Structures are given as C-alpha cells and as structure tokens.
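2 protein chains.
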Amino acid sequence: MKEIKNLLGYRESIKVVDATLRDGGLVNDFYFTDDFVKALYQANIDAGVDYMEMGYRASKKVFDETKFGKWKFCNDDHIREIVGDNDTNLKLAIMADIGRHDKNDFDQKANSPVDLVRVAAYIHQMPEAIDMVEDAAKKGYETSCNIMAISNSKEEEVKVALDMLGQTPVDCIYIVDSFGSIYPEQMTRIADMYLEFAAKYNKKVGIHAHDNQKLAFANTVEVCGCGVDWLDATYLSMGRGAGNCAMELLLGFLKNPKYDVRPVFKFLEEYMIPLKEQGIVWGYDLQYLMTGLFNQHPRAAIQFTKDQRKDLSNFYNEITSID
Amino acid sequence: MKEIKNLLGYRESIKVVDATLRDGGLVNDFYFTDDFVKALYQANIDAGVDYMEMGYRASKKVFDETKFGKWKFCNDDHIREIVGDNDTNLKLAIMADIGRHDKNDFDQKANSPVDLVRVAAYIHQMPEAIDMVEDAAKKGYETSCNIMAISNSKEEEVKVALDMLGQTPVDCIYIVDSFGSIYPEQMTRIADMYLEFAAKYNKKVGIHAHDNQKLAFANTVEVCGCGVDWLDATYLSMGRGAGNCAMELLLGFLKNPKYDVRPVFKFLEEYMIPLKEQGIVWGYDLQYLMTGLFNQHPRAAIQFTKDQRKDLSNFYNEITSID
Numbered sequence: 077m078k079e080i081k082n083l084l085g086y087r088e089s090i091k092v093v094d095a096t097l098r099d100g101g102l103v104n105d106f107y108f109t110d111d112f113v114k115a116l117y118q119a120n121i122d123a124g125v126d127y128m129e130m131g132y133r134a135s136k137k138v139f140d141e142t143k144f145g146k147w148k149f150c151n152d153d154h155i156r157e158i159v160g161d162n163d164t165n166l167k168l169a170i171m172a173d174i175g176r177h178d179k180n181d182f183d184q185k186a187n188s189p190v191d192l193v194r195v196a197a198y199i200h201q202m203p204e205a206i207d208m209v210e211d212a213a214k215k216g217y218e219t220s221c222n223i224m225a226i227s228n229s230k231e232e233e234v235k236v237a238l239d240m241l242g243q244t245p246v247d248c249i250y251i252v253d254s255f256g257s258i259y260p261e262q263m264t265r266i267a268d269m270y271l272e273f274a275a276k277y278n279k280k281v282g283i284h285a286h287d288n289q290k291l292a293f294a295n296t297v298e299v300c301g302c303g304v305d306w307l308d309a310t311y312l313s314m315g316r317g318a319g320n321c322a323m324e325l326l327l328g329f330l331k332n333p334k335y336d337v338r339p340v341f342k343f344l345e346e347y348m349i350p351l352k353e354q355g356i357v358w359g360y361d362l363q364y365l366m367t368g369l370f371n372q373h374p375r376a377a378i379q380f381t382k383d384q385r386k387d388l389s390n391f392y393n394e395i396t397s398i399d
Numbered sequence: 077m078k079e080i081k082n083l084l085g086y087r088e089s090i091k092v093v094d095a096t097l098r099d100g101g102l103v104n105d106f107y108f109t110d111d112f113v114k115a116l117y118q119a120n121i122d123a124g125v126d127y128m129e130m131g132y133r134a135s136k137k138v139f140d141e142t143k144f145g146k147w148k149f150c151n152d153d154h155i156r157e158i159v160g161d162n163d164t165n166l167k168l169a170i171m172a173d174i175g176r177h178d179k180n181d182f183d184q185k186a187n188s189p190v191d192l193v194r195v196a197a198y199i200h201q202m203p204e205a206i207d208m209v210e211d212a213a214k215k216g217y218e219t220s221c222n223i224m225a226i227s228n229s230k231e232e233e234v235k236v237a238l239d240m241l242g243q244t245p246v247d248c249i250y251i252v253d254s255f256g257s258i259y260p261e262q263m264t265r266i267a268d269m270y271l272e273f274a275a276k277y278n279k280k281v282g283i284h285a286h287d288n289q290k291l292a293f294a295n296t297v298e299v300c301g302c303g304v305d306w307l308d309a310t311y312l313s314m315g316r317g318a319g320n321c322a323m324e325l326l327l328g329f330l331k332n333p334k335y336d337v338r339p340v341f342k343f344l345e346e347y348m349i350p351l352k353e354q355g356i357v358w359g360y361d362l363q364y365l366m367t368g369l370f371n372q373h374p375r376a377a378i379q380f381t382k383d384q385r386k387d388l389s390n391f392y393n394e395i396t397s398i399d
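Note that the protein sequences, when read in sequence, are chains A and B.
Positions 77 to 399 (my numbering) are the ones given, in order, by the first sequence.
Positions 77 to 399 (my numbering) are the ones given, in order, by the second sequence.
These are computed hints drawn from the structure, not numbers from a lab.
In this text the structure is predicted, and so the values were computed from the model without any measurement.
Positions of the beta carbon are idealized from the N, C-alpha and C atoms, including for glycine.
Heads up, none of these hints are tricks.
To be clear about the criterion: a stretch of chain A counts as covered by chain B if any three or more of its residues have a C-beta under 8 Å from a C-beta of chain B, and this derived list gives those stretches: (1) 253 to 264; (2) 279 to 291; (3) 318 to 326.
With a straight-line cut-off of 30 Å between C-alpha atoms, the simulated BS3-like cross-links for lysine-lysine are: (4) A/Lys214 - A/Lys146; (5) B/Lys352 - A/Lys342; (6) A/Lys334 - B/Lys386; (7) A/Lys235 - B/Lys331; (8) A/Lys382 - A/Lys146; (9) B/Lys386 - A/Lys352; (10) A/Lys386 - B/Lys114; (11) A/Lys342 - B/Lys386; (12) A/Lys114 - B/Lys386; (13) B/Lys386 - A/Lys331; (14) A/Lys386 - B/Lys334; (15) A/Lys386 - B/Lys352; (16) B/Lys386 - A/Lys386; (17) A/Lys382 - B/Lys342; (18) A/Lys386 - B/Lys331; (19) B/Lys342 - A/Lys386; (20) B/Lys352 - A/Lys352; (21) B/Lys331 - A/Lys230; (22) A/Lys386 - B/Lys382; (23) B/Lys342 - A/Lys352; (24) A/Lys185 - A/Lys214; (25) B/Lys230 - A/Lys331; (26) B/Lys352 - A/Lys382; (27) A/Lys342 - B/Lys382; (28) A/Lys215 - A/Lys185; (29) A/Lys352 - B/Lys382.
Please model the complete structure; the sequences and the hints are all you need to start from.
Here it is, written out as structure tokens:
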C-alpha cells in the first residue's frame with residue numbers, strides 16, 4: 077500500500093502538463109482562435125500549471141497546411157503572438173510526432189520561446205525518436221519521449237525501449253495509455269517498470285492517459301502515488317476520442333499550494349463549455365468504452381461518433397469481429 | 077501491490093448488484109414504466125447480474141404516494157407483476173431507508189419474491205438499522221447494511237459501527253462513498269478496515285460508489301482487488317447526482333464467464349439512452365465534481381443542475397463559502 081503521505085502531502089517534483097491544444101486539437105483540427113489560446117495560457121498561469129503544450133510542430137511536407145489550424149504546425153512566431161517573451165513560470169512545450177515532423181523546423185532553444193520538445197513515437201520508431209531527442213537536446217531544449225500504444229507491445233520490447241531512452245539526454249519518459257485500456261492495477265506494474273529504468277538513468281517518468289474507461293484521472297493518481305512526476309491533463313478532458321485526464325480533477329486532487337483549481341472552472345465556463353455548445357464532440361462515451369475494453373485504437377469509435385450512430389449493439393459486434 | 081491473479085482470474089464470491097431502479101429512481105422520482113423494468117430485469121438475467129434492486133420500500137406514512145412512481149414503495153405485488161415467480165438465478169433486493177421505512181411492510185420471506193433486504197443508515201442510526209436487519213433476517217431474508225456518508229465520520233465511529241454490525245445476522249456490510257469524495261488510495265485503507273471486521277465476524281463487504289470525481293468504477297475495481305465482494309453498479313451510471321459505477325464498465329472488467337457485457341449495451345441503446353433523450357439528467361458533471369472535491373452532499377449541485385445554471389465560478393464560490 078502506498079504511503080498516506082503521498083496523498084496528504086505533496087512532492088515538489090510533480091509537474092502538471094496542459095495538453096489541451098495538442099490532444100484537444102485532434103478533435104477540432106487545431107482550429108483554436110487566438111482569443112481561446114490566450115485565455116488558456118492565462119488560465120494555466122493562474123492555476124499554477126507547469127507546462128503548456130502549444131500544439132504539434134508537424135511537417136508541412138506531410139500535412140496540407142490549408143486543412144488544419146495553425147496549432148498543428150505551430151512555429152515560434154505563432155507562439156510569440158500569444159505569449160510574447162513568456163516572462164512567467166509557465167514553460168512551453170511542443171510535440172514532434174515521429175515520422176511526421178522535420179527536425180530542421182526546430183531552431184536553437186536560445187532563439188525560441190519553446191522550453192520542452194515532446195517526442196511521440198511508436199515503439200518500432202525508437203531509433204528515429206532518439207535521433208530527435210538528441211537533436212533537440214543538443215539545441216538546448218528539455219525533452220520528453222512518449223512511447224505510444226504500449227498496451228499492444230510486449231513487456232520485453234518496452235524494456236528495451238526504456239533502456240535505449242535511458243542512454244539519451246531525454247529528461248522524462250512517458251507512460252502512454254493510447255487506447256484507454258489499462259486498469260489501475262496494471263498501471264502500477266507499468267509505472268514500477270518505468271521507474272526502475274528512470275532510477276538507473278536519472279530520468280523522470282510521466283503519464284498521458286485516455287478516458288475510454290473513465291480511468292484517465294484514476295490512473296494518473298495511481299501512478300503519481302508510485303512516483304510518476306509529470307502528469308498530463310486537458311481542460312474538460314478535451315482530447316482525441318474519449319479525451320484525457322481532466323485538469324479540473326487533477327488540480328483538485330494535487331495538494332501543492334502552487335496549484336489552484338478555481339481559475340480552471342472559470343476557463344471551463346467561459347471557453348470550454350462554449351466549445352462543446354458549438355458542437356465539437358469529445359469525451360467518455362460508450363463507443364470509446366468498447367474500443368478501450370478491447371484494447372483497440374479508437375478510430376472506429378471516432379467514426380461512429382462522427383456518423384452520429386446510435387446502434388451500440390451493432391458497433392459491439394463490428395469491433396469484436398475484427399481480428 | 078495486489079496479486080495479478082485478482083485481475084486475470086476471478087473470484088466466485090463476487091456478486092454484482094444492479095441498483096438502477098433504486099439509485100436511478102432518485103433522478104426520475106421512480107417513474108419507471110413496467111416495460112422499462114421488465115427489460116431491465118431481462119438484461120440483468122442475460123448479463124449474469126447476481127442481484128437486482130427493485131427500489132425502495134418506503135413508508136407511505138413518510139412519503140406522499142401520489143408524488144412518486146411505485147418503485148419508491150415497491151411491495152411484493154409490484155415486484156410479482158414484473159418477475160412472476162422469478163424462476164431465475166437473479167436474486168431480488170429492496171432497500172429500507174432507516175427512518176423512512178416501516179418494518180411491518182415486510183412479510184415473511186416465504187411469502188415474498190424478495191431475497192435480500194438492503195438497509196441504509198447514517199452512522200448515528202445504527203441501533204435502528206440493526207433492529208431492521210434483525211427483523212428481516214428473522215423473517216428469512218438475506219440482509220445487507222450500508223453505512224452512509226462515512227467520509228464525514230470519524231474512523232473510530234466507523235469501527236464501532238462495524239463491530240456492532242458484525243454481531244448481527246447481516247450478510248454484507250457496504251462501504252458507501254455517498255459524496256463521491258474518496259480517492260482510490262483512501263478506499264484501499266477503508267476496505268482493509270471493513271475486511272478486518274468482516275473476517276472476524278464472517279461477513280461479506282460491498283461497495284456503493286458515486287461518480288463525482290469519475291472514480292466510481294476505479295474505486296470499485298480498487299476495493300474488489302482488496303477482497304470486497306458485493307459490487308453495486310447502475311446502467312449508464314444512473315443514480316443521484318453524478319451517478320454510480322457503470323454496469324457496462326464493471327461487467328467489461330469482471331472476468332467470470334457468467335458475466336456478459338453484450339446484453340448491457342443492447343439495454344443501454346434501447347432503454348437508457350432514450351431516458352436521457354427524454355431529458356432526464358444525471359451523471360458526472362462539473363458541479364458534482366466540486367461537491368465531491370469538497371466532501372459535500374450533492375444537493376447544491378443537484379439544484380444547480382435543475383436550475384440549468386452555467387455559472388460554475390459563482391457555484392464554486394457558493395459551495396466553498398459554506399461552513
């Protein structure tokens with residue numbers, strides 16, 4: 077059993093990472109207004125959030141720029157238009173998605189408002205991910221690496237990836253429950269495995285959870301108790317499919333007085349709920365429960381949602397007949 | 077850490093209790109149609125659910141019969157109209173709410189389709205709860221007892237209540253997170269305390285969770301891993317305020333092959349989602365998160381919901397200024 081002090085006290089080493097623009101951008105193709113992004117930035121500052129992910133820095137050679145909002149490609153100028161010199165305690169992050177990025181799009185840290193480059197990769201892409209981590213670190217950025225879809229990887233492969241990453245300059249290695257299929261008891265085991273490698277190589281461990289089985293917050297709290305320090309969350313859980321760990325739940329839970337949940341509710345009221353009222357759809361729902369339960373990518377459930385289908389029984393049969 | 081076998085295997089002793097009519101009835105004043113109740117009964121049979129709670133047996137001396145559907149007062153005839161002789165493996169339960177029941181409304185078990193009498197009481201009502209447990213047990217019923225609102229009770233008082241209940245004929249003692257304020261780590265400690273008394277007196281322990289912080293399922297799974305056997309759930313989480321542990325999540329998780337989640341989705345599609353579409357409102361929402369976070373009864377959040385208010389920041393100030 078975990079120590080009660082983990083619950084009543086707090087660890088200075090915990091970092092809260094707002095991923096609303098990046099994971100939430102997958103829901104609205106990154107069409108956030110500057111007004112929205114400025115208000116989110118201010119809410120993060122007021123709430124004591126540690127990092128704000130501004131979006132992807134996707135390669136324009138891979139994606140058609142006319143089909144997405146700018147936060148899919150966010151460059152340093154886009155960011156400066158929001159944050160100026162960012163003379164605050166809130167650090168800024170962007171994500172490089174392996175295979176869909178271009179490391180030449182990343183200037184030296186000295187010239188950039190970005191503090192942290194988050195690299196996301198499937199396990200078979202580790203060599204390319206490590207190349208990106210090393211390039212970003214050499215340029216002066218903090219770096220983290222998400223190993224995606226581990227619920228479909230063999231434990232031995234994950235261990236090899238952790239050992240490889242341990243030998244890079246990466247600051248933090250993320251547990252990612254891409255399909256929202258992992259239960260808290262399993263999460264504890266996974267966290268212990270990650271933390272073992274992290275201790276060996278002096279790295280931090282983070283978690284990025286999905287809410288397919290309403291476990292994103294529970295899993296985040298679970299591994300936080302194990303020693304996982306970097307905790308991803310999004311406002312109103314905005315993120316692909318079932319969404320993520322809710323910022324409002326996480327900041328309500330964390331005890332460090334630097335965090336304040338009150339400004340979160342103000343932002344939800346003024347910005348997030350209006351997004352939902354405009355018809356942008358995300359969050360826990362039965363179709364996502366099913367893909368989570370069967371450890372599948374949510375794409376079928378996302379399509380079911382887009383098609384406004386209601387025939388859950390048919391959907392159940394469809395996804396359970398996929399081999 | 078819990079044994080992995082708890083997750084991959086299963087315990088025969090686990091019982092799933094459907095509380096949709098009873099806790100869900102608090103949302104629609106118990107106005108369920110007979111068609112709905114028959115379909116729910118069939119879904120429970122098809123899904124392998126162990127107990128179905130048919131409602132409260134509230135005293136008509138306390139509540140005005142014209143202001144509620146019959147499942148608030150459900151008598152043996154109401155139940156027989158749905159289940160006939162109930163020649164199935166599904167056992168039937170009703171709830172007696174201490175202070176609002178009349179033990180004379182309970183016939184001998186030999187004359188009743190009811191198998192289990194569930195007694196619900198606040199901790200200061202224990203003597204009356206025990207009187208009801210003893211009366212029901214003497215008449216031949218299985219019995220359980222919910223100690224409500226323990227998040228506002230002193231641990232020593234809860235231990236006294238557990239010791240008192242241990243000496244009665246009660247079959248199962250329930251952990252009840254009335255306000256949805258308890259985190260999984262705390263739940264583990266509470267479960268261990270209940271299980272210690274249960275072992276001493278040869279009782280079972282159950283859990284009835286609320287979803288204010290999206291933790292009803294996580295907490296249920298958590299204590300199930302500790303040895304808690306009776307697990308309450310409701311279809312689509314239907315229950316007072318933020319609702320309960322979702323039947324669809326729980327049956328997806330449990331590994332005993334007698335459980336089947338497929339019929340649950342059919343019932344949700346055909347009966348539960350239409351209820352929502354009719355405008356009946358329940359389930360996780362931000363106002364319930366707040367009352368859960370501050371360990372308060374959800375009544376202010378229920379009123380906020382009824383009034384269709386959107387001013388979350390004001391609500392936050394209101395509930396945090398209550399002493």
